[in-house]
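Assemble the complex: chain H is given as a structure, and chain V must be docked to it using the hints.
Sequences listed follow chains H and V, in order.
Letter by letter, the first sequence follows residues 1 to 539 of this note's numbering.
Letter by letter, the second sequence follows residues 540 to 788 of this note's numbering.
I should point out that these hints are in silico values taken from the structure, not numbers from a laboratory.
Hints may contain errors.
Stated by the list, open to error - Only pairs whose alpha carbons sit at most 27 Å apart, straight line, appear in this in silico DSSO-like list of lysine-lysine:
hint, chain 1, residue 1, chain 2, residue 2
1, V, K593, H, K164
2, V, K732, H, K176
3, V, K758, H, K291
4, H, K220, V, K559
5, H, K164, V, K732
6, V, K732, H, K163
7, H, K74, V, K571
8, V, K764, H, K284
9, V, K735, H, K176
10, V, K766, H, K291
11, V, K571, H, K67
12, H, K285, V, K559
13, H, K163, V, K587
14, V, K587, H, K164
15, H, K494, V, K758
16, H, K284, V, K766
17, H, K195, H, K411
18, V, K764, H, K220
19, H, K433, V, K764
20, H, K76, V, K735
21, H, K220, V, K758
22, H, K163, V, K758
23, V, K764, H, K291
24, V, K589, H, K163
25, V, K766, H, K433
26, H, K67, V, K606
27, V, K764, H, K74
28, V, K559, H, K74
29, V, K593, H, K291
30, V, K593, H, K251
31, H, K284, V, K559
32, H, K291, V, K559
33, V, K734, H, K251
34, V, K764, H, K159
35, V, K559, H, K251
36, H, K176, V, K734
Stated by the list, open to error - From the derived model, a few chain H residues whose C-beta atoms are all more than 12 Å from chain V:
hint, residue
37, N114
38, R117
39, G161
40, I171
C-beta atoms are modelled at their ideal positions from N, C-alpha and C, and glycine is treated no differently.
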Amino acid sequence: MSRETMEYDVVIVGGGPSGLSTAIKLKQLDANLSVCVLEKASEIGAHILSGNVFETRALDELIPNWKELNSPIKTKVSKEKFLFLGKTRSISWPTWLLPSVQQNHKNYIISLANLCRWLAEQAETLGVEIFPGFPASEILYNEDSSVKGVATQDMGVDKEGNKKDSFEPGIELHGKVTVFAEGCRGHLGKELIQKYDLSKGKDPQQYGIGFKEIWEVEDKNHQEGLVMHTAGWPLDNSTYGGSFIYHAENKQVFLGYVIGLDYKNPHLSPFDEFQRFKTHPAIKKIIEGGKRISYGARALIEGGFQSLPKMFMPGALLVGCDAGTLNMPKIKGSHTAMKSGIIAAETIIENLKEKKDLSVFEEKFKKSWLYEELFRARNVKPSFSWGLILGIIFTGIDQILFRGRLPFTLKHNHADHETLKPANEMPKIDYPKPDNIITFDKTTSVYLTGTNHADNQPVHLKLKDPKLPINYTLEKFDEPAQRYCPAGVYEVQKENDINKFVINSQNCIHCKTCDIKEPSQNITWVTPEGGGGPKYGNM
Amino acid sequence: MKILVAVKRVIDYNVQIRVKEDNSGIVTDNVKMSTNPPDDNAIEEAVKIKESGKATEVVAVSVGEEKAQETVRKALAVGADRGILVKADGVIEPLAVSKILQKIVDKEKPDLVFMGKQAIDDDCNQTGQMLAALLSWPQATFASKIEVKEKSLEVTREVDEGLETIEVQMPSIVTCDLRLNEPRYASLPNIMKAKKKPIEQINASDLGIDTKPRIEQIKVEEPPKRKAGIKVASVEELVQKLKNEAKVI
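Next up, chain H with everything else stripped away, as it sits in the complex (with noise of 0.2 Å):
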């Protein structure tokens, strides 16, 4: 079938801090070049959760004038906490002894949503054409296999895949260059990652869920500018993770939970940890009396230095999250993903004008700030695979001692999915119902997101094997897809006896979790019809 195509010197696909600021930097240094940026949400940011507490260092480089442009980055950081949870007790610990990667004085408590918004209206304004609602969903490549640009979603397609009445095929973008920023692990970028071998002689990649929730809670319980990370409880010791409580305007405050997925028990929970750790009295104390106005959740690349892929291939680079630039130790990935983003720009211009290869980036990349950045925090995130209390005095020697120069490297062993130990050998969680004030379910929880998928639209989770999740995962595992995913898609229902796995697809909020976590790697997320998933406002 023959598709209409449209001609761009760059096609960026995905609308965030990366993509976005490719998209500014290109325009910036040739205003001439025509640059478009494809985006799966429905709009801008509607796809976005982060924290955030904000570092500006790249943004400072990319729009030097951004106070005076009315961006959305209002809430400086006025004071830090760090609290060690116990069940019911908590241990402040003296900021003074943090590494300086989690000194946040500097920093602004942020929606990174609003902060894509902005962005995007910056990158208009140069003449970027962005397309929100197109999700690209196929990888074009030239003869010589380099890669060509992306074709969009077919929209009005049924659930058998039949063409219905108000079927619109997918267009063809074709870019000199393609930049891929669909942010952690993208459905093309996995693609790719696999097709050049971007990821040989790297570690696995690592991976964390995030959630987070919006309240708005009582004045007296309000600090703007505060900023509070926990660890500890309700994790065990072997379980990577922690919170996030960001104080931001307007009486809202942004609470969060990451849990590393390479957890091992698979009666683990990630989203009942969540719930679990709001009733803490510490935690509870915030919130009592306010209301959660939103819920998300995202996976995020939490395998830094050792696990980042080449980011440049025949035709196309791949950066930010899509590549995996988070720093984690730093708990920040949006600086240094609008970072490369911009070094993907420069490596673009010198290409496009110059001819000179697209593995300039790797140069370039190496001579930044953002190389030396990931460099230094690499050891932080493997030391915690001994234990969070290991985990904690390495981090101190490593990071405040030796500032991250320690002259060894330590590896990630396992990638996420295969981390899970059998159901019957590990022990069960029982995990309170949640009360319907501070802890809720995970149905209650999606209503918040405004998620939704046109009806009667084919199943964007796919697996490889559908007889596998009951002959086998359940088996083995007691289907854990039924508690990593924070939407509820998943479920194993019991029909006259008979096991069967129910896909939800329409509640995907495009965390991605599925894809990473699954043991077997069974499931695939692909992109669903334009426009659906969450509708986040500011997360």
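Chain V alone, transformed into the frame defined by chain H:
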């Protein structure tokens, strides 16, 4: 034949509506906005009639803030020929909108005016009817099927009792039901083309229309939460509870 289609920018139907803390209204900051869904049906029908050769031009008009331009642009991307944006800030009640549309009709002289049967934000369901009264034109509301004849329309209406088919002479007003058709998607090339289509901008004040609200809004509250149900053991207990607790019998 010329068709004028009125479209409204509203909060997207998937978004969970939140009441402002001071009860002065609902939260609209950073909230996804879309075209009022039945207005999409109105545009679709007008474009279909044009594609069948029975109409020559489709003009989309919206009344609202500067950003309502996006809603007009969306209509252009699915086939409207040109757009008009009447700029007015704040709450614009149906009476003001219909007075503005009356001015636009005087200027554009369309044969038909289409719009959604109601907007999903205020659910007023008044603008089409008021416009018909102001223009003294016939109206067909809640249309789920439209057949264009020589000088009239045969319209099937969704009414409480079922379906009602009526014939209205042109020029006339039609308000559209969601069952009328399945709106098409805007394709990328058409979105690009829509960027080049003209949108005329007019200030509501320049039309001499006073858009001040006539209704004073005292406060906005969330509907009360539904209480969890209970199980009763017997019919007697049920009757007891309905009588004494629910006080419905």
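Cross-check of the supplied hints:
For the hint pairing V/K593 with H/K164, the CA-to-CA distance comes to about 25 Å; that is within 27 Å, so the pair holds. Between V/K732 and H/K176, the direct Cα distance comes to roughly 23 Å. Compliance with the 27 Å bound is thereby established for this hinted pair. At most 27 Å may separate the alpha-carbon atoms for a hinted pair to count; V/K758 and H/K291 meet this at roughly 20 Å. At roughly 19 Å between alpha-carbon atoms, H/K220 and V/K559 fall within 27 Å of each other, so this suggested pair holds.
For the hint linking H/K164 to V/K732, the alpha-carbon distance of about 24 Å falls within 27 Å, and the restraint holds. Straight-line distance between C-alpha atoms of V/K732 and H/K163 comes to about 25 Å, which keeps the hinted pair within the 27 Å bound. In summary, the hint linking H/K74 to V/K571 is supported, as the alpha carbons are separated by about 22 Å, within the 27 Å threshold. At most 27 Å may separate the alpha-carbon atoms for a hinted pair to count; V/K764 and H/K284 meet this at roughly 23 Å.
Simply put, V/K735 and H/K176 have alpha-carbon atoms about 25 Å apart, close enough for the 27 Å limit, and the pair holds. A threshold of 27 Å between alpha carbons decides the hint, and for V/K766 with H/K291 the separation of about 18 Å falls inside it, so the pair holds. Proposed proximity of V/K571 and H/K67 is supported: the alpha carbons are some 25 Å apart, at most 27 Å. With a CA separation close to 23 Å, the supplied pair H/K285 and V/K559 stays within the 27 Å bound.
A C-alpha spacing of about 19 Å is found between H/K163 and V/K587, which places the hinted pair at or below 27 Å, so the restraint holds. In summary, the hint linking V/K587 to H/K164 is supported, as the alpha carbons are separated by about 16 Å, within the 27 Å threshold. As the CA atoms of H/K494 and V/K758 are separated by approximately 48 Å, the hinted pair breaks the 27 Å bound. Of the supplied pair hints, the one linking H/K284 and V/K766 holds, its CA atoms being roughly 24 Å apart against a limit of 27 Å.
The hinted pair formed by H/K195 and H/K411 meets the criterion: a straight-line CA distance of about 24 Å does not exceed 27 Å. Taking the CA atoms of V/K764 and H/K220, the gap is about 26 Å. The hint holds against a cut of 27 Å. At roughly 20 Å between alpha-carbon atoms, H/K433 and V/K764 fall within 27 Å of each other, so this suggested pair holds. Only pairs whose Cα atoms come within 27 Å are accepted, and H/K76 paired with V/K735 is rejected, the gap being roughly 42 Å.
The suggested pairing of H/K220 with V/K758 holds, with an alpha-carbon distance near 25 Å, which does not exceed 27 Å. Straight-line distance between C-alpha atoms of H/K163 and V/K758 comes to about 47 Å, which puts the hinted pair past the 27 Å bound. The hinted pair formed by V/K764 and H/K291 meets the criterion: a straight-line CA distance of about 14 Å does not exceed 27 Å. Distance restraint check for V/K589 and H/K163: the Cα-Cα separation of roughly 23 Å lies within the 27 Å cut-off, and the hinted pair is therefore satisfied.
With a CA separation close to 18 Å, the supplied pair V/K766 and H/K433 stays within the 27 Å bound. The straight-line distance between the Cα atoms of H/K67 and V/K606 is roughly 24 Å, inside the 27 Å bound, and the hint therefore holds. This hinted pair does not check out: V/K764 and H/K74 have alpha carbons roughly 35 Å apart, beyond 27 Å. Proposed proximity of V/K559 and H/K74 is supported: the alpha carbons are some 21 Å apart, at most 27 Å.
Only pairs whose Cα atoms come within 27 Å are accepted, and V/K593 paired with H/K291 is rejected, the gap being roughly 54 Å. A hinted pair counts as satisfied when its Cα atoms are at most 27 Å apart, and V/K593 with H/K251 does not qualify at roughly 56 Å. Proximity of H/K284 to V/K559 is assessed by CA-CA distance (about 24 Å); at most 27 Å being required, the pair is judged to hold. Taken as a hint, the H/K291 and V/K559 pair is honoured in the structure, with Cα atoms around 12 Å apart against an allowance of 27 Å.
A threshold of 27 Å between alpha carbons decides the hint, and for V/K734 with H/K251 the separation of about 39 Å lies outside it, so the pair is violated. In summary, the hint linking V/K764 to H/K159 is not supported, as the alpha carbons are separated by about 36 Å, beyond the 27 Å threshold. A distance of roughly 12 Å separates the Cα atoms of V/K559 and H/K251; the hinted pair therefore holds under the 27 Å criterion. With a CA separation close to 24 Å, the supplied pair H/K176 and V/K734 stays within the 27 Å bound.
Look at H/N114: its CB is around 6 Å from the nearest CB on chain V, not clear of 12 Å, so calling it non-interface is violated. Listed as a non-interface residue, H/R117 fails to keep its Cβ farther than 12 Å from every Cβ of chain V; the least gap is roughly 7 Å. The beta carbon of H/G161 sits about 17 Å from the closest Cβ of chain V, which is more than 12 Å, so the claim that it is off the interface holds. Residue placement check: H/I171 does not keep its beta carbon more than 12 Å from all beta carbons of chain V (closest about 5 Å).
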